[in-house]
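Take these sequences, add in the hints, and give me the full structure.
Chains as they are written, first to last, in the numbering used here: chain A, 3 to 321; chain B, 3 to 321; chain C, 3 to 321; chain D, 3 to 321; chain E, 3 to 321; chain F, 3 to 321.
Any given hint could be a false lead.
If chains are identical, the list can't say which one is meant, so a pair holds when it fits in one copy or spans any two.
To be verified - With a straight-line cut-off of 27 Å between C-alpha atoms, the simulated DSSO-like cross-links for lysine-lysine are:
{"#": "1", "residue 1": "K9", "residue 2": "K38"}
{"#": "2", "residue 1": "K85", "residue 2": "K72"}
{"#": "3", "residue 1": "K88", "residue 2": "K44"}
{"#": "4", "residue 1": "K72", "residue 2": "K95"}
{"#": "5", "residue 1": "K125", "residue 2": "K292"}
{"#": "6", "residue 1": "K4", "residue 2": "K72"}
{"#": "7", "residue 1": "K29", "residue 2": "K292"}
{"#": "8", "residue 1": "K147", "residue 2": "K119"}
{"#": "9", "residue 1": "K79", "residue 2": "K9"}
{"#": "10", "residue 1": "K44", "residue 2": "K292"}
{"#": "11", "residue 1": "K299", "residue 2": "K25"}
{"#": "12", "residue 1": "K119", "residue 2": "K283"}
{"#": "13", "residue 1": "K72", "residue 2": "K12"}
{"#": "14", "residue 1": "K125", "residue 2": "K176"}
{"#": "15", "residue 1": "K91", "residue 2": "K299"}
{"#": "16", "residue 1": "K176", "residue 2": "K147"}
{"#": "17", "residue 1": "K79", "residue 2": "K38"}
Just so you know, these hints were derived from the structure itself, not from any lab.
Source: prediction; values computed, not measured.
Protein chains: 6
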Amino acid sequence: MKNLFVKDLKPGNEVTEFFVLRKKEIKEYDGQKFLKLELGDKTGRIEGVVWDNPEHIHDQAHTGEIVKIKGWVTTYKETPQLKVEKLRKAKEKEIDLSDFLPTSERDLDSLYEEFKKVVSSVKNRELRKLLELLIADSSLVEGLKKTPGGKLWHHAYVGGLLEHTLKVAQICEKAASMYELVNRDLLITGALAHDIGKISAYSARGFFDYTDEGRLVGHIVSGDEIIDRKIQAIEGFPSDLALQLKHLILSHQGQLEFASPVVPQTIEAIILHYADEMDAKADAFTHIIKTQKSRGKRWSDWVHLINRYIYLGEEEENE
Amino acid sequence: MKNLFVKDLKPGNEVTEFFVLRKKEIKEYDGQKFLKLELGDKTGRIEGVVWDNPEHIHDQAHTGEIVKIKGWVTTYKETPQLKVEKLRKAKEKEIDLSDFLPTSERDLDSLYEEFKKVVSSVKNRELRKLLELLIADSSLVEGLKKTPGGKLWHHAYVGGLLEHTLKVAQICEKAASMYELVNRDLLITGALAHDIGKISAYSARGFFDYTDEGRLVGHIVSGDEIIDRKIQAIEGFPSDLALQLKHLILSHQGQLEFASPVVPQTIEAIILHYADEMDAKADAFTHIIKTQKSRGKRWSDWVHLINRYIYLGEEEENE
Amino acid sequence: MKNLFVKDLKPGNEVTEFFVLRKKEIKEYDGQKFLKLELGDKTGRIEGVVWDNPEHIHDQAHTGEIVKIKGWVTTYKETPQLKVEKLRKAKEKEIDLSDFLPTSERDLDSLYEEFKKVVSSVKNRELRKLLELLIADSSLVEGLKKTPGGKLWHHAYVGGLLEHTLKVAQICEKAASMYELVNRDLLITGALAHDIGKISAYSARGFFDYTDEGRLVGHIVSGDEIIDRKIQAIEGFPSDLALQLKHLILSHQGQLEFASPVVPQTIEAIILHYADEMDAKADAFTHIIKTQKSRGKRWSDWVHLINRYIYLGEEEENE
Amino acid sequence: MKNLFVKDLKPGNEVTEFFVLRKKEIKEYDGQKFLKLELGDKTGRIEGVVWDNPEHIHDQAHTGEIVKIKGWVTTYKETPQLKVEKLRKAKEKEIDLSDFLPTSERDLDSLYEEFKKVVSSVKNRELRKLLELLIADSSLVEGLKKTPGGKLWHHAYVGGLLEHTLKVAQICEKAASMYELVNRDLLITGALAHDIGKISAYSARGFFDYTDEGRLVGHIVSGDEIIDRKIQAIEGFPSDLALQLKHLILSHQGQLEFASPVVPQTIEAIILHYADEMDAKADAFTHIIKTQKSRGKRWSDWVHLINRYIYLGEEEENE
Amino acid sequence: MKNLFVKDLKPGNEVTEFFVLRKKEIKEYDGQKFLKLELGDKTGRIEGVVWDNPEHIHDQAHTGEIVKIKGWVTTYKETPQLKVEKLRKAKEKEIDLSDFLPTSERDLDSLYEEFKKVVSSVKNRELRKLLELLIADSSLVEGLKKTPGGKLWHHAYVGGLLEHTLKVAQICEKAASMYELVNRDLLITGALAHDIGKISAYSARGFFDYTDEGRLVGHIVSGDEIIDRKIQAIEGFPSDLALQLKHLILSHQGQLEFASPVVPQTIEAIILHYADEMDAKADAFTHIIKTQKSRGKRWSDWVHLINRYIYLGEEEENE
Amino acid sequence: MKNLFVKDLKPGNEVTEFFVLRKKEIKEYDGQKFLKLELGDKTGRIEGVVWDNPEHIHDQAHTGEIVKIKGWVTTYKETPQLKVEKLRKAKEKEIDLSDFLPTSERDLDSLYEEFKKVVSSVKNRELRKLLELLIADSSLVEGLKKTPGGKLWHHAYVGGLLEHTLKVAQICEKAASMYELVNRDLLITGALAHDIGKISAYSARGFFDYTDEGRLVGHIVSGDEIIDRKIQAIEGFPSDLALQLKHLILSHQGQLEFASPVVPQTIEAIILHYADEMDAKADAFTHIIKTQKSRGKRWSDWVHLINRYIYLGEEEENE
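Have a look at this one:
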């Protein structure tokens, strides 16, 4: 449990505290090796340096792990910097992940209950069997609860994947009621599974990052592999249904340029794609507006990912 | 009222019948002028030629108008062709537009009742006033009823614009209930108005075509002009609200490349865009699947507009 | 009238002076709120901070307004910073806008006389009537005089819109004499009106910025609305002429990607587009060459907007 | 075994012969249903029609199957057409696939021997184990032998996949000898496996076509699934090695737009991508030049897939 | 001199006449070789076939040459076709190129006089010297006179290159008077030389086509080579001036995608680019409007090269 | 010969040393002119300032030249800065270029011997003659030895052009043995010549930079001009061979967007393109991996030029 957070560090402080190790790199200055670190918690990041025994300290922990630091705060180029004297990996019992990662405002267990409720609404025997295999896999369930919906852009908090998944399912449920040709159970199963590969693609140890799998394989194909392995384990799963379900996962980004290896070719796939986009963008806009609409600001900063400013709206009347 | 339709014309037939004049062009063959026509009704198209008095007959009607033809069916390059002897413009009372244009399966009046019901759900005073001005304008209401949702691709039938508008509003209603920051009345008004410019951009006389305004100005800006003129007529319409509403219309195609002069910059605009896309694509997929899923065909023909085949699914019945 | 300009501020100076308020944002440091400002005049920008009563001072003025400041200059991260003690909105009579905004080297009134001369060269009755309505609208005329041709890239100074408009008209006049099918009066009217929407899209109070309308509607559609309203006021304006004129405004950026909702479809539109491009780029190149060709520099810095370096040319012999 | 090939069919011929059924579709003409077929063999295609019992005959075979036809040749629009009286599915023993599909000029078994030789050159224990699992899977080996390298563009013949795979491995072998950091066994394994998903993505029954899996999942992900399943079956396969091998398969098209869900991020991946491109394009150019360089033609027809003409070269001297 | 033109050929005609040989290809039908030709003149094209001695006749002429044909007109698929019995290459004195190629409405010699007048307006010694070398080269001058401005799209007639060049120079002259930094002589020389490579890139023997050089090198680099060789022949041509002039030629298409290997980096280059675009597009629009504005047509056919319809305008009142 | 390198400069040092002058610009601070410099050597860069006689010192040397500096090291914004008192151009004999530019690990002369060996493997008489003219041109040979393969991205060291050229030739040799239609001598000559224009396009005086020719003409066309001039000097060089060779140079970047004015249209051209790409990318990946794979780093920094991270692989040693 932390007492001192990054945002509260002031020059002169002596610090004995836990941080997540975000980056580490051996560098050299004037012929002398030193270790440059990036440390963080849920309130921010601070640069760290180690001048004594940099190589030894480098080997104490991997990036992504929580470490216990002893050192003091100085300034370098008018920015706070941590001079680190000692560093060791934290023990499991010393860590409270919520000190490091932002977390859904909603309770994870109740979100997961809602997820299971959607599962139980699926009538198709094989799809229901598949979904039950997924939630019988405790490592998947644990992953589902702790993985964010995205790294930066939308639902970037523990529980975000669950929240996003449920909202996409909700929009799909609405669409299934509006368009007669839609196979509702297929669409809902696709909605529940569409981002399941993010469990392998993101790490959510001390901060959100891509895993090697996230970069080398990508969350879309990771999700396809998870589903493929479960389907392999179900005797007699209809091959046509398997292809259509995989197609939902593989095509949900909608275009090749957005890393889907195939484009939506079924009515369920095209609906899932827009449901996914609508929820992701609506959440991202919501997050930006909430964060940036401080008094007197009417437009967001430039949003690089979508190349535009976002209108924050007029100030409320009663201010 | 027609008796004989294009799909039933056979070589040798003598024909005295109404058709819509889709194209006309004076051409020359071996030093002699003739008039080449394209005639049609809701069942198809047939080429026509006029060898006598081509220039006189050319001036009898404009393209898009219904004409009465006297002639007979021959073949040219093994394709039926109408040799036209006489041609005159049809009189208003001779015409039943439903012989020429496909029409919604739903009743236009009941669709419009539904539209008015959505209007009456808007509580915001100025938006409500604006919507009431729109439905008080009988030429707009008439346009709303007869305009298709698109020329080729989705909702391409009389009443299509109304159907599409209502479905988009329905998805937006759902989204308004899901995302806390959404201004529901603004979003619903945007949904109702987003394609209103199609009334000026499409002609739906004897066949669906772009008007000059549809090509030179475009349905997006035409819609903005309609709304701007109504807003000018409302004393004290808040300028911020006006900008946001126009923004919904102008940005609803989502990207500059799709002819929106601005990209969505408000949460309502981003939701409206995806609601519009979802309904347009779901309808287009539905139409393709219904039309092409004949026995033994499992994939659609290549769909040029979206560069893909669409999966029609397994045959159902007795397999 | 200013005495002290941003480029002359030195650490230690006590300052009681007018600046334009470019940005303001309430922030927090170590549990204490403060107000971060960006202040400027025509010579540059400086960061400002307010530690006492930040929220009260925040409410004294909007961004874009001229304010009177009392404070002193310090340095932060080796960059000058203004510690602000007092801030109030400037009174109209205290302000000389030319202290804040760069201005055309040419006299605004003589530019406007030239504009009116071009207006009077238009013979077509309706177009002439329309142009006369525009110049009878004093707020439009005022806007025309003070609006820049662009925010950053070309003609970025008071009077720039007038200068750009006149040059585009000059090129169009030449083209009208070269290509027989061109409707000269239509083309010239389009040239005069093509950027008129910038009057609503840019604010030129204390610095150049986009207005809400500039972002949510865009200068192209704003221009179309201005013309549409004037045309509505002219009885019997031919609808075909109206469409063609609007088409000139709407298509002048030449491509959908550049925010034109329609592409040029008439010979006048294609000419206007290239005339506009030629003048905008020639002015931008001129500005970059003049500004950067200091002794010993033969190439400009990288120009992000067009992704290239610009060749400044050899040094003159006699230097 | 066929006697009469499509290219030799002449109007008036009575025909009792085997063809592959490429397409079938129930249509209607003048109120009467008929069945429209596309029939083919390795020399070409011909349209077929069935007027009697079209629905019954429709159900005799699936597209892609070889059928025995009784009918006669007529002409329709000056093009030969087969009027079909009888149609039944061919029996396995009646079929010689080489009548229908183009085949490698090289012997399939000797190509496969060469493939096994490359397998045996891999020293890394796990990769070797994996490759041996692949060639122990008889359905994979059969697929490997009969699948083309591409549907239209390169190596479009039985054995083409083997030929292409071996050439890519050959270029990779060269590259491994040139670039010191390359993991040779990993690169060669990637070369051997990169297109293995084509076995599931193409059908090579009576003509080359995409399977449902080829369209809904795509050959890249199908290949990844095949490898993933084999890796799951190998105890202790290093996860890092697995990720890198999958990465080779997934990234080999080089860009997202070309349906790779990830771009090459390792030195082996970037080399495999260019080796694949070089062989595919060199084969396609070779095929076009060989096919089109008839006397007097110095340039190919327009090649749509790559938007260019190909230079066929000067005529040989001795002509 | 021709008596009978393609547009006047009627089935049954016996024909002994000159045509340009546009294409030739040996084909096979039913085991028998035949020669398929495309023949043409300035009024159109017709297919030809040779059944006797196809290989011998094939060798009588190259594509692009004028041939004398003996044969008769039949129909094939309801389209006229020439059965060719005899074919020989035309003699130089038998040919009048104006029977085959469309020609400028203006006199070639007077166009060339105008070109020389512009040359003589250039004061800069080296540029003037260079231009004089160009016009001293009789094969270049001959090429300049007979080459079209483009193959299909603009100025597609003998003399078109000269006309286009002069109009571009005219616009550049205007721009030079408007923008102070422009080096007028450099810009005018660039305008005169910008398309000179088309002389090598197009053949204008019996019909307009690309030469091998036009395809393998391209008109832009061919033009650069012509200028480079002339500059090599001028002692002491300033290297900086040479680079800037070449830059004008190389960058005049404005963007890499349009085959310019460099983008415009000087003020002269950016102006030349837009002058070139404006004249090319204005001519293309003029051509389309003139050709297609027949009575009753208000919009052009779809123009593939620029993906749009062109508005032809209202019919004149008095027709 | 240098004693003190940039990476060893420490605040307080008095410095009398040679550096390359990378940039120079006259600026103004508080009404006083000063000269801002960028100085460098092969170990790094440092900012320099001159307060006394800035304009005089500005004129002592051009950018790209080696200068001798007298001054002392201070810090500005916590970064070292050189206050320069004296500056003069270095004399030829004082300079050892290897102090300034990174150099191939291989011996330049032995690389060049290898190059000549490839030349001597070319049997075709004219191509051999052409290559011999190239290596008989001592300024070309000198350029070949000292020019880098690229400015930043691959082979960015003296000798890099030679190394890259040889590796591309090696891959082409392999391809020539694999694809029967390839003209080996033409392909090898193209490989040797493909980047020869970089000799004119890059300067390698004290640091690597583009020359004016590199920017205004580009290395592709510069290479074409070099080859064109040599071919002009060879009597009877076959024009078809000349076109094909130029085509290899002009098309080797593969796509218009990458500054090739023509796309590959021959089998040799398509192979050369991929050989070039493979070697350039393999070298770039190698360089990044070698430079960045320090202990504990498993992924490279973001590589802007290709928009991705590169996987550096697992640590080796004690695993």
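Exercise. Using 27 Å as the alpha-carbon threshold, which applies to K119 and K283: within, between, both, or neither?
Worked result: For K119 and K283, the Cα distance is within 27 Å only inside one copy (25 Å; across copies 29 Å).
Exercise. Are the CA atoms of K44 and K292 at most 27 Å apart within a copy, between copies, both, or neither?
Worked result: Classified as within: same-chain Cα gap 18 Å, cross-chain 34 Å, threshold 27 Å.
For this session: Have a look at K88 and K44 and pick one of within, between, both or neither, based on CA distance no larger than 27 Å.
Result: Classified as within: same-chain Cα gap 22 Å, cross-chain 36 Å, threshold 27 Å.
Problem set entry | Alpha-carbon proximity between K85 and K72, which holds within one copy, between copies, both or neither at 27 Å | Classified as within: same-chain Cα gap 9 Å, cross-chain 36 Å, threshold 27 Å.
Problem set entry | Intra- versus inter-copy proximity for K12 and K72 (alpha-carbon distance at most 27 Å) | For K72 and K12, only the intra-copy Cα distance (15 Å) is at most 27 Å; the inter-copy one is 30 Å.
For this session: At 27 Å max between alpha carbons, let me know whether K125 reaches K292 within a copy, between copies, both or neither.
Result: Between copies only: 25 Å across, 39 Å inside.
Exercise. For the identical chains here, do K299 and K25 meet the 27 Å Cα criterion within one copy, between copies, both, or neither?
Worked result: between (34 Å within a copy, 9 Å between copies)
Exercise. Is the C-alpha distance from K9 to K38 at most 27 Å within one copy, between copies, in both cases, or in neither?
Worked result: both (20 Å within a copy, 18 Å between copies)
For this session: Go through the copies and call it for K91 and K299: within, between, both or neither, with a Cα cutoff of 27 Å.
Result: between (42 Å within a copy, 18 Å between copies)
Problem set entry | 27 Å Cα threshold - placement of K72 relative to K4 | So K4 and K72 pass the 27 Å test inside one copy only (13 Å; across, 43 Å).
Problem set entry | Alpha-carbon proximity between K125 and K176, which holds within one copy, between copies, both or neither at 27 Å | Cα proximity of K125 and K176: in one copy and across copies (17 Å, 24 Å).
Exercise. Checking K72 and K95: alpha-carbon separation at most 27 Å within a copy, between copies, both or neither?
Worked result: Within one copy, since 19 Å is at most 27 Å while 55 Å is not.
The structure agrees with every numbered hint stated previously.
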